[in-house]
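A.B. asks: Let's have the full structure, built from the sequences with the hints guiding it.
Chain by chain, the residues:
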Amino acid sequence: MNKVIKLTKIFLKNSFSNMDARMGISTKSKSKIIVYGLLFLYFAGLIIFLGYNLLDGLIAIHQETIFVGMILFMIFGLAIIQTIFSSINILYFTKDSEYLLPLPLKPYQIILARTNVMLIAEYLIIFLVGFIPLLMYGILTGAGIIYYLTMIFAVILLPILPVLLISMLVMFIMSFAKLTKNRNKFQLFAMLLILAIIMAISISTSGMKQDLTNEEMAQMVVQANGMIELVKGYVPTVDYLMEALTTNSLFTAIVEVLKTLGITILGFIIYMLIAQKIYFKGLVGNLFGGGASSSNKEINQKEYRNSKLYKSYVGKEFKNMARNPVFLMQCLIPAILIPIIMVVVVFAGFNSDGMGLEQITQMAQQMPTNTFFIACIILGVIQFFTMFIYVSITAVSRDGENAVFMKYIPVSLYKQYIYKIIPNIIMNIVTILVTLGMAEYLLNLPVITLIALFVVATIMGILQSIAMIIVDLKRPKLNWDSEYAVAKQNLNLVFPVLLSMINIAILVGFVYLLKDINVYIGVGILGILYVIATFITNKYLYNKQYELAEKII
Amino acid sequence: MIEIKNVSKSYVKGKKSVEDLNLEIKNGEIFGFLGPNGAGKTTTIRMITGILNIDDGDILIDGKSIKKEPLEAKKNFGFVPDSPDMFLKLKGIEYLMFMADIYDVPQNKRKEKIEELTKKFEIYNQLNNQIQSYSHGMRQKIVICGALLSEPKNWILDEPMTGLDPKSSYDLKEMMREHAKSGKTVFFSTHILEVAEKLCDRVGIINKGKLVFVGTFEEMKQKFKENASLEDLFLEITEK
Chain A
0 MNKVIKLTKI FLKNSFSNMD ARMGISTKSK SKIIVYGLLF LYFAGLIIFL GYNLLDGLIA
60 IHQETIFVGM ILFMIFGLAI IQTIFSSINI LYFTKDSEYL LPLPLKPYQI ILARTNVMLI
120 AEYLIIFLVG FIPLLMYGIL TGAGIIYYLT MIFAVILLPI LPVLLISMLV MFIMSFAKLT
180 KNRNKFQLFA MLLILAIIMA ISISTSGMKQ DLTNEEMAQM VVQANGMIEL VKGYVPTVDY
240 LMEALTTNSL FTAIVEVLKT LGITILGFII YMLIAQKIYF KGLVGNLFGG GASSSNKEIN
300 QKEYRNSKLY KSYVGKEFKN MARNPVFLMQ CLIPAILIPI IMVVVVFAGF NSDGMGLEQI
360 TQMAQQMPTN TFFIACIILG VIQFFTMFIY VSITAVSRDG ENAVFMKYIP VSLYKQYIYK
420 IIPNIIMNIV TILVTLGMAE YLLNLPVITL IALFVVATIM GILQSIAMII VDLKRPKLNW
480 DSEYAVAKQN LNLVFPVLLS MINIAILVGF VYLLKDINVY IGVGILGILY VIATFITNKY
540 LYNKQYELAE KII
Chain B
0 MIEIKNVSKS YVKGKKSVED LNLEIKNGEI FGFLGPNGAG KTTTIRMITG ILNIDDGDIL
60 IDGKSIKKEP LEAKKNFGFV PDSPDMFLKL KGIEYLMFMA DIYDVPQNKR KEKIEELTKK
120 FEIYNQLNNQ IQSYSHGMRQ KIVICGALLS EPKNWILDEP MTGLDPKSSY DLKEMMREHA
180 KSGKTVFFST HILEVAEKLC DRVGIINKGK LVFVGTFEEM KQKFKENASL EDLFLEITEK
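Here the protein sequences line up with chains A and B, keeping their order. In terms of numbering that gives the first Met the number 0, the first sequence is residues 0 to 552. In terms of numbering that gives the first Met the number 0, the second sequence is residues 0 to 239.
Warning: the hint list may mix true and false statements.
[As the list claims (entries may be wrong)] Heads up, simulated DSSO-like pairs for lysine-lysine below, C-alpha to C-alpha not over 27 Å straight-line:
1) K276/A <-> K414/A
2) K473/A <-> K67/B
3) K318/A <-> K118/B
4) K414/A <-> K280/A
5) K180/B <-> K152/B
6) K207/B <-> K550/A
7) K66/B <-> K550/A
8) K88/B <-> K414/A
9) K110/B <-> K180/B
10) K4/B <-> K74/B
11) K310/A <-> K110/B
The hints are simulated quantities; they were obtained by calculation from the structure and are not laboratory data.
C.D. replies: In structure tokens:
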């Protein structure tokens with residue numbers, strides 16, 4: 000067990016020292032505490048603010064217990080989503096695996112240490128999004144000691160099962176890695192397959208309660224805590240813990256927690272048995288099996304054709320992302336997938352309320368849609384979607400130690416920065432088009448409004464792309480042992496979210512200030528504002544191109 | 000020609016990693032840059048290639064200052080870094096074409112040059128595969144091919160023999176000789192003293208950021224102990 004703890008510590012240290020180096024705070028522990036502290040306070044504040052408003056509203060209609068259900072669901076769901084991305088990387092794509100295998104370690108020790116890393120990463124997030132809101136619930140509802148004790152068990156136990164389940168699924172799929180001839184394509188296929196399985200499961204379960212009639216639904220809402228029934232019956236451990244957290248009986252709380260503990264231990268035993276059988280098969284297959292695609296075919300004459308430098312450079316950036324499963328999942332796919340997922344979720348939600356899509360569009364079209372208010376909402380939605388595009392914020396870090404290449408080739412740094420952000424702008428445009436397509440379908444907006452929105456949203460996208468490469472240049476993360484460290488375990492990824500939040504706040508401010516303004520004038524003013532902001536940011540990038548590259552060595 | 004004039008560099012205030020370095024690598028010369036680990040070799044190469052900013056002094060590549068005219072200076076050299084793990088997701092041919100686009104290699108020369116270099120290094124048949132499937136030595140070869148594709152006048156190579164098999168190492172040394180013979184410059188760092196002795200017209204030894212010796216091996220032997228082995232001489236110079 001001692002070795003498991005030591006291994007876990009080394010894995011964690013490795014990923015966190017990467018984070019520190021990224022933030023430039025590896026040496027000064029005081030500044031490290033301040034930076035982590037500020038980040039923690041920022042997110043905690045945000046969660047408390049959102050949670051308080053929601054809980055306050057629910058208390059007013061005596062439906063506060065649904066808050067507990069929602070948080071437990073969120074913990075479970077977050078653990079699933081996080082593990083989909085983290086497990087495949089932590090279990091298979093970290094470079095240290097190759098050095099670990101020859102060491103005199105027992106398979107279970109490596110598996111346990113890897114699982115610990117995944118779980119600890121979960122707990123960090125769950126402390127924010129689970130522990131804090133549950134604590135707030137306890138305080139606001141005047142809960143007793145039983146609640147607080149149960150809450151601690153809930154937060155500790157609940158994420159374990161999803162982490163184990165997803166890891167098992169990943170191990171099962173990756174165990175076929177040895178059989179594949181093309182490792183890269185298999186890795187990509189495996190990631191997409193896992194995502195598809197999870198989406199299919201979530202979509203099929205979301206329809207489970209659709210057989211309720213509107214009357215039944217209304218009755219449930221009116222009943223005290225009746226809404227809790229709506230979220231029950233999906234996941235056993237969530238149900239047990241919900242019961243334990245909302246009961247006044249100590250006995251019931253203990254029984255429900257024990258039930259959860261029992262299921263979790265059972266899950267753990269099954270996980271360890273299966274993992275020891277299949278994990279190393281997949282790991283070895285992934286590290287050494289098959290190799291990348293290999294062909295001895297003659298080089299096509301077309302390959303020798305020269306192309307313009309910008310085409311060649313941008314093409315290189317795209318190839319680097321598209322051929323790397325982690326970067327593909329984190330940088331390119333979200334641009335298309337996130338708007339689509341949102342649409343599916345929203346429409347599925349409407350449908351389960353007994354409302355058809357046609358009714359929604361009819362209703363939407365009866366309202367005045369060609370207004371500045373609606374335009375700002377659409378721009379806000381685009382901002383929300385584009386904050387998940389991590390092309391620009393990882394543009395330099397993705398190259399890792401190879402980023403010095405930029406500095407010794409005879410191409411100006413500014414030009415290279417621009418080439419690096421072009422894929423971000425393109426992915427932004429894809430998101431904008433998908434979102435505007437949805438808006439057009441729902442709201443039937445005039446073409447001129449769509450064009451105006453497209454132009455302004457694209458300018459906002461360019462601004463985001465330039466600003467984010469500046470952040471990446473100022474805090475590059477070049478020494479990484481897995482792509483995951485750049486595309487996920489990277490505190491810089493907060494910045495696109497922050498910028499989008501600022502943009503959304505600006506949009507809200509505009510709506511408030513210019514309520515009744517003509518849509519074209521309003522969008523025009525926004526456009527001018529963002530053109531100026533983009534111009535200034537671009538000027539900064541150009542003027543500081545050499546200073547900004549100083550950390551690339 | 001590479002001229003290093005009074006160059007200094009500090010990473011930490013008050014502690015110079017390279018101090019007042021003066022060096023001239025003439026046309027037609029193979030120059031070996033030697034020194035123990037942490038002596039300042041890589042820092043110097045990084046300054047020559049523009050990766051690191053120079054604190055004091057200047058470096059000229061064929062008369063172009065890497066400080067004042069970086070793009071012009073960079074056009075005048077081909078650089079092989081110490082780690083060949085570059086662009087692993089690109090196919091060999093894609094990497095070479097990318098380098099050809101960067102260095103403006105004319106359309107009619109590309110095919111001929113790529114075939115010539117990659118056949119010499121026996122990686123031609125691998126060009127359609129991604130670089131990540133290459134062995135360390137093959138990666139080293141493709142990086143060398145990329146650097147030499149544009150026929151740069153000055154070659155700057157950081158530990159170029161690492162990972163190369165004997166034949167490729169021999170071929171590279173022959174290419175270096177041919178390059179120097181045609182009146183061009185080769186500047187390379189190495190740990191292999193025998194390679195430096197057999198290949199270099201002159202060597203420079205750097206220790207603790209300072210250049211402690213520049214000259215031919217004969218001069219080195221005359222200056223220090225005439226009958227000592229190369230290893231002994233190197234140790235005596237760097238451990239003084």
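A.B. asks: Are the Cα atoms of K276/A and K414/A separated by 27 Å or less?
C.D. replies: violated, 51 Å
A.B. asks: With a cut-off of 27 Å on the C-alpha distance, tell me whether K180/B and K152/B pass.
C.D. replies: holds, 12 Å
A.B. asks: Keeping to a limit of 27 Å between CA atoms, is the pair of K318/A and K118/B held or broken?
C.D. replies: Roughly 26 Å between the alpha carbons, so the hint for K318/A and K118/B holds.
A.B. asks: Check whether the Cα positions of K207/B and K550/A lie no farther apart than 27 Å.
C.D. replies: holds, 23 Å
A.B. asks: Please verify whether K310/A and K110/B have alpha carbons no more than 27 Å apart.
C.D. replies: holds, 20 Å
A.B. asks: Would you mind confirming whether the straight-line C-alpha gap from K88/B to K414/A stays at or under 27 Å?
C.D. replies: holds, 22 Å
A.B. asks: Quickly compare the C-alpha distance for K4/B and K74/B to 27 Å and report which way the hint goes.
C.D. replies: Judged against 27 Å, a Cα distance of about 20 Å means the pair holds.
A.B. asks: Taken at face value, is the distance from the CA of K280/A to the CA of K414/A at most 27 Å?
C.D. replies: violated, 45 Å
A.B. asks: Between the alpha carbons of K110/B and K180/B, is the straight-line distance 27 Å or under?
C.D. replies: This hinted pair holds, its Cα atoms lying about 25 Å apart.
A.B. asks: Between the alpha carbons of K473/A and K67/B, is the straight-line distance 27 Å or under?
C.D. replies: Roughly 23 Å separates the two Cα atoms, so the pair holds.
A.B. asks: Between the alpha carbons of K66/B and K550/A, is the straight-line distance 27 Å or under?
C.D. replies: holds, 17 Å
Against the hints set out earlier in the document, violations occur for numbers 1 and 4.
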